[in-house]
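Just so you know, the protein sequences line up as chains A and B, in that order.
The C-terminal position of the first sequence is numbered 1480 in our numbering, with every residue numbered one higher than the one before it.
The C-terminal position of the second sequence is numbered 1480 in our numbering, with every residue numbered one higher than the one before it.
A few of these clues could be false.
Copies of the same chain look alike in the list, so a pair counts if it fits in one copy or across any two.
Computed cross-link-like contacts, DSSO-like style, restricted to lysine-lysine with a CA-CA straight-line distance of at most 30 angstroms [to be verified]:
1) Lys1389 x Lys1198
2) Lys1389 x Lys1251
3) Lys1389 x Lys1337
4) Lys1251 x Lys1097
5) Lys1251 x Lys1084
6) Lys1198 x Lys648
7) Lys627 x Lys780
Because the hints were derived from the structure by calculation, they are not lab data.
Protein chains: 2
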Amino acid sequence: MSQAKYVYSFGGGDSEGDAAMKNLLGGKGANLAEMAKLGLPVPPGFTITTDVCTEYYKLGQSYPDAVGAQVKTALAQLETKVGKKFGDAADPLLVSVRSGARASMPGMMDTVLNLGLNDETVEGLAKLSGDRRFAFDSYRRFIQMYSDVVLGLDHSVFEEILGIHKDTNDYQSDVELTAEDWVAVIGEYKRAVERELERPFPYDPQEQLWGAISAVFSSWMNERAKVYRRLHDIPESWGTAVNVQAMVFGNMGETSATGVAFTRDPSTGEKRLYGEYLINAQGEDVVAGIRTPKALSKAARESMNEAGPSLEEAMPGVFQDLQAVFAKLERHYRDMQDIEFTIERGALYMLQTRSGKRTARAALRIAVEMAEEGLISRTEAVLRVDPASLDQLLHPTISEGYKRDIVCTGLPASPGAAVGVVVFDPDEAAERAQRGEAVILVRDETSPEDIHGMHAAKAIVTARGGMTSHAAVVARGMGRPCVCGITEMRIDMKGETFTARGRTVRKGDALTVDGSQGEVLAGAAEMVQPSLSGEFATLMQWADAARTMKVRANAETPEDAAQAVEFGAEGIGLCRTEHMFFDADRIAAVREMILAERQADRVTALAKILPFQRDDFEKLFEIMGDRPCTIRLLDPPLHEFLPHTEEDCEAVARATGIDAKALLARARELHEVNPMLGFRGCRLAIQYPEIYDMQARAIFEAACNVAARGAVAPVVEVMIPFVITQRELGDIRARIESVAAEIAREKLCTLACTIGTMIELPRAALRAGDIANEAEFFSFGTNDLTQSTLGLSRDDSGKFLTAYVAKGILERDPFITIDQEGVGEMIALAVERGRAARPDLKLGICGEHGGDPASVAFCQRLGLNYVSCSPFRVPVARLAAAHAALANQT
Amino acid sequence: MSQAKYVYSFGGGDSEGDAAMKNLLGGKGANLAEMAKLGLPVPPGFTITTDVCTEYYKLGQSYPDAVGAQVKTALAQLETKVGKKFGDAADPLLVSVRSGARASMPGMMDTVLNLGLNDETVEGLAKLSGDRRFAFDSYRRFIQMYSDVVLGLDHSVFEEILGIHKDTNDYQSDVELTAEDWVAVIGEYKRAVERELERPFPYDPQEQLWGAISAVFSSWMNERAKVYRRLHDIPESWGTAVNVQAMVFGNMGETSATGVAFTRDPSTGEKRLYGEYLINAQGEDVVAGIRTPKALSKAARESMNEAGPSLEEAMPGVFQDLQAVFAKLERHYRDMQDIEFTIERGALYMLQTRSGKRTARAALRIAVEMAEEGLISRTEAVLRVDPASLDQLLHPTISEGYKRDIVCTGLPASPGAAVGVVVFDPDEAAERAQRGEAVILVRDETSPEDIHGMHAAKAIVTARGGMTSHAAVVARGMGRPCVCGITEMRIDMKGETFTARGRTVRKGDALTVDGSQGEVLAGAAEMVQPSLSGEFATLMQWADAARTMKVRANAETPEDAAQAVEFGAEGIGLCRTEHMFFDADRIAAVREMILAERQADRVTALAKILPFQRDDFEKLFEIMGDRPCTIRLLDPPLHEFLPHTEEDCEAVARATGIDAKALLARARELHEVNPMLGFRGCRLAIQYPEIYDMQARAIFEAACNVAARGAVAPVVEVMIPFVITQRELGDIRARIESVAAEIAREKLCTLACTIGTMIELPRAALRAGDIANEAEFFSFGTNDLTQSTLGLSRDDSGKFLTAYVAKGILERDPFITIDQEGVGEMIALAVERGRAARPDLKLGICGEHGGDPASVAFCQRLGLNYVSCSPFRVPVARLAAAHAALANQT
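Can you build the whole structure from these sequences, using the hints too?
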C-alpha cells in the first residue's frame, strides 16, 4: 500500500498542488501552488492537507504517523529552495504558519508569523538584514503572536510590559523604541511567559513549528469558527489545511511594502486597479489601522485627494510588475481577484489570491463585462450573479455611510428602504398620501381591510406577524419595504404612539424603515435610489436564454400587473380575486351576499359585484396581452369580509344601512377556531355555487370584451382553490364550463380557457392522480401546503420558529425556502402522480417560495413548468431559474 | 355460442337455482329456489335474473332477444306444474310479480298480485273457488294494484269510486260489499282507467304480465329506490330480479290465512316461535293494519292476553308443519329466519325466507346460543354481531314505545340517553349534581374549563361543534350522552333559556337527551337501563381469542381508567396530562407558570404542580397494574389555560391575586389565529424544557412509589406530541432520560419505560424513518392527522362537512371513519418507513377512530399493534378487532 500524501510543496520552481485541489489544500494553499505554477513570485512553502485535520481529530488531536516525516522532507526542500536553514544562527529560515480552509473563513482561525526566531537566529536576521531594530521588532512580534495563538496567553500581559517600558522611557509610540529597547522588552516577555506558564518560551524552532501547526488545526474547533460555519453552512467535516511558507518582509525599510488589491472595483465593478498599500510594514499593520494605507495608482490617489505617493509613483517598476500580475491572474482565474502582496527590498511577492467579494452592482457589471471581454461565457456570467442579491438593485437603500439611529428591529419582511412620517390609521395614511405626504403605516398587525392604507404608505411596520404574515406578503407583493414581528414594540393605538427601547414615537414623527435589514430608524435617512443599469438588462436577457422554467407574477391590481410585465413576468400565476372584494365600492354588496339567507338573495347581491369584477379583469387582461393569466376564484373564509366587534358592526351598519345585529350574528356564526382549516376555497362554492358562477361570468365576459376590442385574445386559466377530492373539482368545473358555454353563445366569442387547481393540502397531493383527471394544471400553493404539512400556522409561528431555525431543528424558515424533506416530498409525489394521470399537465408554483432561489432550484429539479412570485421578485426568479437550469444540465 | 340463461324456474319438484345464486336471482328468488330444493312447499314460479335488469337499462329499457322466449318456456312449465293455464277461462293460472334484489330493499320496489284476471278468467276463479265475492274482490284488487304500479294511475281515482259506491249503499266498511257490488265497482274502475289513460285496462294476461315485469324492472330506478341505495351503499349496477310465482290465496275463507314469523325473538333473541297471522287475508291486509294480527303460539297469545285463537289453536296441524319448517330452515341456513307464509284451505305455502333483522341484544344472544347449540362455530358467532351495535347495549336507552316530543335535533355525538334538568353554567351543574340532582348541561360550545360541569352532568347539549368537537370528544370519553351542533338552537346565556322550533326551554326544565339519535326531548322519558348479559361476556371472550390487535383506552381520571379496565382495556393508549392541569387546585400554579417571564419563575411554579401530577399518576398506575400506560406530555397551546376576555381576567384576578392586566396581556400575546397549527405540543418543550422535565419527574416518581408499595411495577410509555423532526424528539428524549436516571438514583428504582411520539402531522408521517430512530413507539393521532391532511378544522367543519358527506364528495365523515385514501395513505407511509428504520417499532392509534369498526379494520390491515379509544368504545373495538383479524385470515 502506498503511503498517503499529507504534505504538498509549492514555489521555488515546482508545485505539487494546483487550484483544482482546493478541497485537499484549502483555498489559500491551492492558490499559492497555482500562482507558483503560473511563474508568479510566490515565497516557497508547503501545505499540510485538510485530510490531516480530519485525521487529527479522529486520533484525539494527534497526527497520522507519516505526517512528521513528510513535513521534515518538505522543510528540507524549502531550505534548499531559499538557501537558508531552519534554526541556523547565521542565515535562519523564517516561516509563517497560516490556516486555509476550503471555504473562506476570514479571521476565524489563527496565524503565526516570523516563526523560527530565538535568541540566536535573531542575531543572524539582524546581520543579514543589516537592521537590528527590524530583527528584534520581528522577534518580539513573534513572541507576542505565538504566545497568544499557541500558548493561549492573554495578550494583555505583553501590553502591560510594553506600556511600562514606554512610560519609563517616556515614549509616546512604538516607533520610538530602539533595537536595545526591544531586547529589553523581549527579556521581560520571556520571563513573563515562564512565570505564567511555568515553562520557558520554546527555543527550538522545530518545537515552535509543531506548536503552531497544532494550534492552527485546533483553531478549526474554536467557538467563533463553529458559529461561523453554522451561519455559513460549512460542514465541520471539511477541516482546514495548514500553510507553512518562507517569510518575506514588507517592513525591511523604505523599499519594502505590503498591500492588498482587487483587480476591479469591488463596489462598482469598474475595471480599474483598486487597493492600498503601506511602505515599510507587515500585513498586521494594515489591519491594526495605526497608519493609513495609500492608494495604489496615481489616478486613485488624485481622485481621493491623498497626500502621500501612490505605489505607481513610489515604486514605478514594482507597480508595473503588479499590473502584469493582475492581468495574468484575471486571465488565468477568469474572475476578479482579491490579492495580498509584499514587496521586500524592491522585489514583489504574492501571498494570496482568491475570487474577490463584491456588491450586487459590481457582480453584475463584472460578469457582463468579463463576458463581453471574452474572458468568460455568457453562461458563466449568469452564474456569477447571486439571484438573491438582485433585491438590492431593485429597491432604494440607505446610503452606506449614514449613521443609523435604531428605534427598534424586527423581521426583514420586505426589502428596500423608505422615509416617511408615522401614521397609525390606514384611512389617515390614504388621506395624507393623497395630499402628497410620505407616510409609514404602523400597525399591530394588518388585515385585508387595511390594504388601501398599505398601498398609500411608503413602508409598513407591524408589531406582530412573521415573514409570511399578511403585512409581509402584501408588502412584498406591492414592493413596499416592511419590518414586522417587532416584539419589542408596544403600540398605543388610542394615543397614536408607540414605544420601544424606552423611546416614544408619535404620530407625525419622521422614521426610516429598512426592510432589507429589519430596522426602524429615527429621522429621515439619506437614501440611494436604485438605477437599473444596462448590464442588468443584458444579464437578464442572457438568463432568460438559459432558463427553461417560465416566470410569472402574483398580481391582481393593474399597477402590480404593469410592474410585473416591466420586470419581465411572462404571465400571472396567481390573481387573488378576493383582493378585489374589499374595495369600498363593492364591500357592501359582498356583505349583502354573505348575509343573504336564500340563494336568490345571494344571486341578487352577486349581480351587483359582477360589473366591478368584470371591469377588474378587463384591465388586467389588457395589460397582460397574450400572456396567460391564472385567476383563482374566491378563497378566504367569508368572515374575513365582515366586521368582527360590536363597535365595528355598528360603524358598518351606520355607513351602509345593513342591520348591525344581523351583521354581528352572522360574523359570530361564521367565526372559526382555525380559519386556515375552515370553510373556505372550493368549499364555499360547493355550498354556494352561485359565487363562482358570478366570478366565472365576470372572467369570460371580460375576456370576450377585451378580445372584441383588441387584437389579442386573453389566455385565461381558471384556478379552483383548496381542493381535496376529484369530485369537488369535477362538480365546479362542470358549472364553470357551462357558464363559459353560455357566454360564448351570448357573445359569439370562443376563448382559450383551461381549468385547474391549487395543490395546497396534503390530501390533494396524495390524490393528485385522481384530481389530474379534472385539472389541466396544478399550481402548488406552497404557503398553505407548508402550513398543513408541518402543522405550522404562518400567523402564529413567529413565537417559536426563529428559535427552531437558530437551534437547527429546522434548517431554514420553511415559509421562505421550501422544506424539501417534508413539503418537497409532498410536491414531488403530486408531480409524479399528476403527470402519470395526465402527461401534459401544466405545473407551477405560486406560493411565496416562487421568488426564493433555493426553492426555484427545487422546482427545476421537479420539472415544473413555471414559478410565480410577487412582481418585485420576478428578476430574482428569472435569474434563479437560469441558475437552476444550468445546474441541471451538468 | 350457447345462449345466456335469463330465466330460472323453481318449485313443483325441481329448481334451477339455489341460495348461492343470490347475485343473479336476488335474495327472494334464490331463497325460493333453495326452499323448493329442500322440499318445502313453495308455490312454483320462475325468476328473471338481475342480468336482465342490467341489460334492460343498457338497451334503453328493452329486453335482450332471448328473454321473451325463455319466459314463454318457463310459463309453460309453470302451467304444467300447477295444472292450470294462464288466461284460461275455466281454470286460470294467476301469478304474483315481485321484485327481489341482491340486498333487501323493503318496500322500495313494486309488486303486483292476482295477475292474469280479466272479465273471463274471474268467472273461472269464482267457479273454482266456489266464492264469487272472493273472485271479484281479487279482481278489483288486481286492477287497483296494476293501475297504480304499472299504469301509473293515482290510487285516489279508485278510492273515490269505492267511496261513492259505499256512500250510495250506506256501507261502513269494505266487508259489507257483496260480489255484485264488486262487479259494479270493477265496471267503474275500468271506465275510469280508460277515461284517464285514453286506453282500456289491459285484458290480455300476456300483456298484463309484461307490463308488470317492466314495471318491476323500472322501479329499480325510482327515486325512493335510488335514495335507499345511496343510504345503504348498494351499487346501482346490481339490478333487481323479477319473480313470477303461482298465486296462493290466504283469503279463501276460514281455513286460509297469511302470516309472518321469525324463528327466534328478534327483540330479545330468545329461542321461541315469534310472529303473527291473519285468517282469511292476503299479505297486504296485514300491512294495511285494518285487522289486528294474532299470535302464532298459544303461549304467546296468553302472555299478551289476546282474545282470538292462536294459529296453534286454530289450525294445529298447520302449526306443526310450520314448526317443522322453521327447524328445517334454521338448520339449513344456520341463522335466525324471517319468513312469510300463506295457508290456502289448510295447505301451508312458503313465500319467502331470509336472515331476520334483530336488535343488538338479540344478535348477541342468538349468536352465542347458536354456537352453543353447535349450529355455527364460535368464529361465526363473533362475526354475526355488528361491533357498532354494542353501543346500544352499553348505555341506557329510551324505552321503545315512548312517544318522543322533540325539542330540537343535532349530531349524535355520544351515545346513550339521560334525563335531567337544564343548567347553563358548569359551576351550577357541579353544585346541583353534588346535591344529587340530575342535570343536563347546555352550552354554545364547551372548553376545557367546563370539564367539571360536564363530568357532573348526566348529558351534554351544545349548539355548535361537530362530531369531534371538544364536547363530543370529552362526552364520549366520559360515557355521557351528548348532542351537539344543534344549529336550530338559540341560547340566551344571560336569560338562561334556549329556543328551538319556536319553543323556549328554561333553566330547571326537564329534558331527555338521546345521544344515539341526536335528539333532545321535552320532559323525562321512560328509560331502559343497560344490563350486560352473560352472552356478552361469552362473546367478548371468543372475540378476544380471535383478535390479534390489542385494545387500549384513552383515559386520564381514575374513574375513566377503572371503567376502561372493566370494559376489558389492555392498557391506556392516551393519557392527556393537560386535563389534569385544569383542576381548581392547580390551575393557579399553571397560570403562574405561564405568566412567568424568567425560567427560574417557571420552575418555581411548576414545582407547585408536581405533587398533584405525581398523585394523579400514582392513582392511574395503581388501577392499571401491569398494563402499559401511554402518557402524553403537555399538548395544547398555553392560552387554553388563560381566561380570554377582560371580564374573565378580572374574575380570575379577584379569585387568585394574579394581576388582571398581566393576565390579559399574556392572553393576548399568546392568542393564536390558528391554534391547531400553533405553539403547542413539543414546540412548548423546545422553548420551555422545564415543563416536560416536571412532567417526566412526576411520572417516574409516581411509578417508583407505586412499584415500592405494590407487587407490580407500572409499565410506562412517555409520548411526545406534535413532532415534525427527529431532532425535536431526540432533544426532548435526552432530557427525559436524564430525569429518569436522576430519579432512578434518588429512589434506587429502575423502571421499564419507553419513549415514543404521536404521528399527527403529514411531515411526521413522511419523516417517519428518521423519527423512528428516536422513537420506540408511534401512536397515530388520527384526529389531528385528519385535520392537517385534509385541511379540515374539526371545530369548524360542521358548517359544510354534512353537505360534503350527503353529496358523496367524501364517502364518510373523516372524523368518524379514517379517510383511507388520504389520511390512510399517510399512516401507511409512516408504518412502512418507521418499521424499515426500526423493525420492532410498536404501532398504535389513539384518535377517536380507535373505536370505529371500519377504522379498526384498516388498522388491522396495516399491521398495527393496538388501537386505543374512549372507555365506552372498548367493547366495540375488541369485537371490531376480532372481525378485522378474522377478515384478514381469509
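These are the hints, each one checked on the structure:
no.	hint	result
1	Lys1389 x Lys1198	between (42 angstroms within a copy, 26 angstroms between copies)
2	Lys1389 x Lys1251	between (36 angstroms within a copy, 21 angstroms between copies)
3	Lys1389 x Lys1337	neither (54 angstroms within a copy, 38 angstroms between copies)
4	Lys1251 x Lys1097	between (34 angstroms within a copy, 25 angstroms between copies)
5	Lys1251 x Lys1084	both (25 angstroms within a copy, 17 angstroms between copies)
6	Lys1198 x Lys648	neither (75 angstroms within a copy, 47 angstroms between copies)
7	Lys627 x Lys780	neither (41 angstroms within a copy, 118 angstroms between copies)
In terms of the numbered hints stated before, the structure departs from hints 3, 6 and 7, listed from lowest to highest.
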